[in-house]
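So the protein sequences, as listed, match chains A and B. In terms of this note's numbering, the first sequence opens at residue 1 and continues consecutively. In terms of this note's numbering, the second sequence opens at residue 1 and continues consecutively.
The set of hints was computed from the structure by calculation and includes no laboratory data. Idealized CB from N, CA, C, for every residue including glycine. Treat the hints with caution; some may be incorrect.
[Said to hold, decoys possible] Output of the computed footprint for chain A on chain B, the stretches with three or more beta carbons under 8 Å from beta carbons of chain A:
hint: 1; stretch: 25 to 34
hint: 2; stretch: 46 to 59
hint: 3; stretch: 64 to 71
hint: 4; stretch: 178 to 192
[To be verified] Here are some chain B residues the structure puts well away from chain A; computed CB gaps all over 12 Å:
hint: 5; residue: Ile16
hint: 6; residue: Gly39
hint: 7; residue: Ser74
hint: 8; residue: Thr76
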Amino acid sequence: MKINAHPTARTYLAIYGWLLGLTILEVSVVLAGWPQGATVTILIATALAKAMLIALYFMHLKFDRPLVWLLPGIPVVLGIVFVLALFPDVVFHLVQRM
Amino acid sequence: MDRMINAEVETPLIDIPTGKFGMWVFLISEIMFFTGLIGSYIVLRLGATSWPRPGTILNTPLLGLNTLILLSSSLTMALALHAIQQGRQAALRRFLLLTAGLGVAFLGIKGFDYAHMWHRGFTMSASLFGSCYYLLTGFHALHVLSGVILLLSLFFAASHGRFSAAHYGRIEYSGLYWHFIDIVWVILFAILCLV
Numbered sequence: 001m002k003i004n005a006h007p008t009a010r011t012y013l014a015i016y017g018w019l020l021g022l023t024i025l026e027v028s029v030v031l032a033g034w035p036q037g038a039t040v041t042i043l044i045a046t047a048l049a050k051a052m053l054i055a056l057y058f059m060h061l062k063f064d065r066p067l068v069w070l071l072p073g074i075p076v077v078l079g080i081v082f083v084l085a086l087f088p089d090v091v092f093h094l095v096q097r098m
Numbered sequence: 001m002d003r004m005i006n007a008e009v010e011t012p013l014i015d016i017p018t019g020k021f022g023m024w025v026f027l028i029s030e031i032m033f034f035t036g037l038i039g040s041y042i043v044l045r046l047g048a049t050s051w052p053r054p055g056t057i058l059n060t061p062l063l064g065l066n067t068l069i070l071l072s073s074s075l076t077m078a079l080a081l082h083a084i085q086q087g088r089q090a091a092l093r094r095f096l097l098l099t100a101g102l103g104v105a106f107l108g109i110k111g112f113d114y115a116h117m118w119h120r121g122f123t124m125s126a127s128l129f130g131s132c133y134y135l136l137t138g139f140h141a142l143h144v145l146s147g148v149i150l151l152l153s154l155f156f157a158a159s160h161g162r163f164s165a166a167h168y169g170r171i172e173y174s175g176l177y178w179h180f181i182d183i184v185w186v187i188l189f190a191i192l193c194l195v
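Throw the hints in and build the complete structure from the sequences for me.
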């Protein structure tokens, strides 16, 4: 795929189909009442997959130069670091309560 | 006509059009904004002694319908860009109006959801979950409202023939914003409404 090429309408429709399928899967998993661990894992995986599909195809990141990837990539990594940095504090308070 | 062409001229900045670069810088600030809110929610939830299952409080099928509406609006926005890249003016106007309409439908359902939840006693001050739910979804709804206003302004500009197969930068950059709103909802729907 050459850089700055544009997806076709058929590609957009295919991605939309995947997004709908993943959303139906999410709601089905919750309504089925599966164990919490499995439900959380599936929901986070499907949410990330949907976000990636939208970013790659609808926002055209798949067809952009690698430099454009850096722009949203840096704050996303910072955000993950931010949440992980607070985890020791959460664990500390949980242990204190036990 | 000259004014229109001058407004669309862009200086390449590291091979990225200036307008696109500007929109991405704006989206970086938005990513940090929502990451802060979502990160706080995760930390509050993990640190809480007890937390209600969202499915017992929220109307999951209604929120699922709202998700389908916003995903559909992302498709119509992508098709609007596709249309103007091929110089199809009528299709551009149709898809822009459809996208704005789906945004309004999303906001209408959200308003109905808020009224229903409020009536059942699930208010902002009812619990920590209530505060998080209204804060996160409320800020997201404000972004959707901004997006709808932006889309309507694009529709009126398109009605005056301001875009063409050679000049469609504003459609592309506004699309980035709209798809970003969609991504935020996809994540909120999963971690706030389902997990």
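Each hint tested on the structure:
1. Remark: the stretch 25 to 34 of chain B is confirmed as covered by chain A, as 5 of its residues place a Cβ nearer than 8 Å to a Cβ of that chain, reaching the required three.
2. For the stretch 46 to 59 of chain B, the proposed coverage by chain A is satisfied: 4 residues have a C-beta within less than 8 Å of a C-beta in that chain, meeting the threshold of three.
3. Proximity of the stretch 64 to 71 of chain B to chain A, defined as three or more residues with a beta carbon under 8 Å from a beta carbon of that chain, is established by the 4 residues found.
4. For the stretch 178 to 192 of chain B, the assignment as covered by chain A holds, since 9 residues bring a beta-carbon within under 8 Å of that chain's beta-carbons and 3 suffice.
5. Ile16 of chain B, annotated as away from the interface, has a beta carbon of chain A within 12 Å; the closest lies near 6 Å.
6. For Gly39 of chain B, the condition that its CB be more than 12 Å from all CB atoms of chain A is violated, with the nearest at approximately 4 Å.
7. Not every C-beta of chain A lies more than 12 Å from that of Ser74 of chain B, the closest at about 5 Å, which undercuts listing it as non-interface.
8. Some Cβ of chain A comes within 12 Å of the Cβ of Thr76 of chain B; the nearest lies about 10 Å off, and the non-interface call is violated.
Of the numbered hints given earlier, the model fails hints 5, 6, 7, 8; all others are met.
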